[in-house]
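There are 4 protein chains.
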Amino acid sequence: MSLTLDAARRILAATRAEGRAQQMKPLSVVVLDAGGHVIAFEREDGASAGRFDIARAKAYGAVMLGMGGRAQMARAEAQGYFMAALNGVFDGKVLPVPGGVLVRDAVGAIIGAVGVTGDTSDNDAAAALAGIAAAGLTGEA
Amino acid sequence: MSLTLDAARRILAATRAEGRAQQMKPLSVVVLDAGGHVIAFEREDGASAGRFDIARAKAYGAVMLGMGGRAQMARAEAQGYFMAALNGVFDGKVLPVPGGVLVRDAVGAIIGAVGVTGDTSDNDAAAALAGIAAAGLTGEA
Amino acid sequence: MSLTLDAARRILAATRAEGRAQQMKPLSVVVLDAGGHVIAFEREDGASAGRFDIARAKAYGAVMLGMGGRAQMARAEAQGYFMAALNGVFDGKVLPVPGGVLVRDAVGAIIGAVGVTGDTSDNDAAAALAGIAAAGLTGEA
Amino acid sequence: MSLTLDAARRILAATRAEGRAQQMKPLSVVVLDAGGHVIAFEREDGASAGRFDIARAKAYGAVMLGMGGRAQMARAEAQGYFMAALNGVFDGKVLPVPGGVLVRDAVGAIIGAVGVTGDTSDNDAAAALAGIAAAGLTGEA
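One line per chain: the protein sequences are A, B, C and D, in this order.
FYI, my numbering numbers position 72 of the first sequence as 72, with every residue one higher than the one before it.
FYI, my numbering numbers position 64 of the second sequence as 64, with every residue one higher than the one before it.
FYI, my numbering numbers position 73 of the third sequence as 73, with every residue one higher than the one before it.
FYI, my numbering numbers position 91 of the fourth sequence as 91, with every residue one higher than the one before it.
Isolated chain A (complex conformation) (with noise of 0.2 Å):
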């Protein structure tokens, strides 16, 4: 199974929703399959103009190492070294917080990666699970 333009757009748009539902600052949603290439975006009005990159490697760090944010960043805080050195075998498109959220299909499957930037890192997190529940889909954040 993999990741269709419109379950991407179904994501993007709950991921929206839930953020405004919440009263979060605005927010910065991609969709990447599962060999980290953007199927979508949207950066909301007010955002600043880095939050393409922020989405981008919050997603791309989950999809090319199989971990979900929060994992990562408990992974930095135990050996920072480590997530720094990862950030480099990946040319800086690494960023260890939660709001990157992996998607997994009815078997398990990791078939994408759902990045969100612009209110805190749980925040971001909590509105990725909820654009991707909302899709059908089983988020891991």
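Since the hints were derived computationally from the structure, they do not count as laboratory data.
Hints may contain errors.
When chains are identical, the list treats them as one kind, so a pair holds in a single copy or across two.
[Stated by the list, open to error] Restricting the straight-line Cα-Cα distance to at most 20 Å, the calculated cross-link-like pairs of lysine to aspartate or glutamate (EDC-like) are:
#1 K93 x D53
#2 K25 x E44
#3 K25 x E140
#4 K25 x D45
Using the hints, position chains B, C and D against chain A.
Same frame as chain A, now just chains B, C and D:
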């Protein structure tokens, strides 16, 4: 005036609708702001994995140089080493062919660019122009 | 459908066997998945040091663009600056000559690519096609 | 003496066999030559997309520095900025944790390195050592 996410989404939808109306291959469409930063992107099912990078490079070069893709192509054909060097200057993010289209506001100021890839370069540019026009803005291919 | 390691190993073995049967020079063979990530690689004794990067660039460009190396070469000969710029877009990881061969499944979806280097580009591509066919899959050179 | 492809394949097979015998998670295994160039690589089904880059960085750093991953980790813990800067020196291709294992010949010369990733760093290193020993060579974790 700056491009809002709503305007970017109208451009995306109208560009994709034009692609379907003209029976083009699956399109990938990016909208950048006046600083070259991504506002929105969608990759249609069946498009190859690298389409985000191609679409963005078409649009990014347009914003950075203030020239649409068609003008960049003319320059590349007249003076290939110049566009090759610019590709290096901008970290590889410049692709001088049609499909990178400047977006201008009512007074002619550049407020962003659209990058389209998937069909022939000429069709990519035509779809972008249709999308920009549908949003009430002026495109320069 | 996705390429398993077992399928990739069958492709590697059959590609190398074809090289030996046709008395080609030492071959280097990579198999990438649909996202351009390496599944398996082997470099035969006597091949030069840089062969991994060459093999991967042949296959990576095929996946990113959705075009085999022969189609990329035709585009490069018609419009050299375009393929030169694409090399920059993809961080130098695109090499537009035969030997980069798309792998398609039974319904025509791209599930990966094989990159072969070591002999002439035409022989490299022929070996890849033989290897892909031996694994029961369809190659597009 | 240099590592042949046959020796690299024996190392790969024995490393993976050790992983299965110890019920480790899916492993990715690379064998580099004395110049840090890839001879062979395999990524087991179920491993995440970025495992080639991680495995190579473990092994590449070992060859470039002449130190196994465990010694690099000790240095990183004592002097984090040093290993961080080395990551930059070597274009991000150094990852200072166990699982990067030097391969030495009978007289102690470095003839390559093995990089393993997928399970805990300690298990990765144990699998590499088992694989190198099975090929009649000496590993330094």
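Hints versus structure:
| no. | hint | in the structure |
| --- | --- | --- |
| 1 | K93 x D53 | both (8 Å within a copy, 13 Å between copies) |
| 2 | K25 x E44 | within (9 Å within a copy, 29 Å between copies) |
| 3 | K25 x E140 | between (22 Å within a copy, 19 Å between copies) |
| 4 | K25 x D45 | within (10 Å within a copy, 31 Å between copies) |
Violated hints: none; the structure is consistent with every hint.
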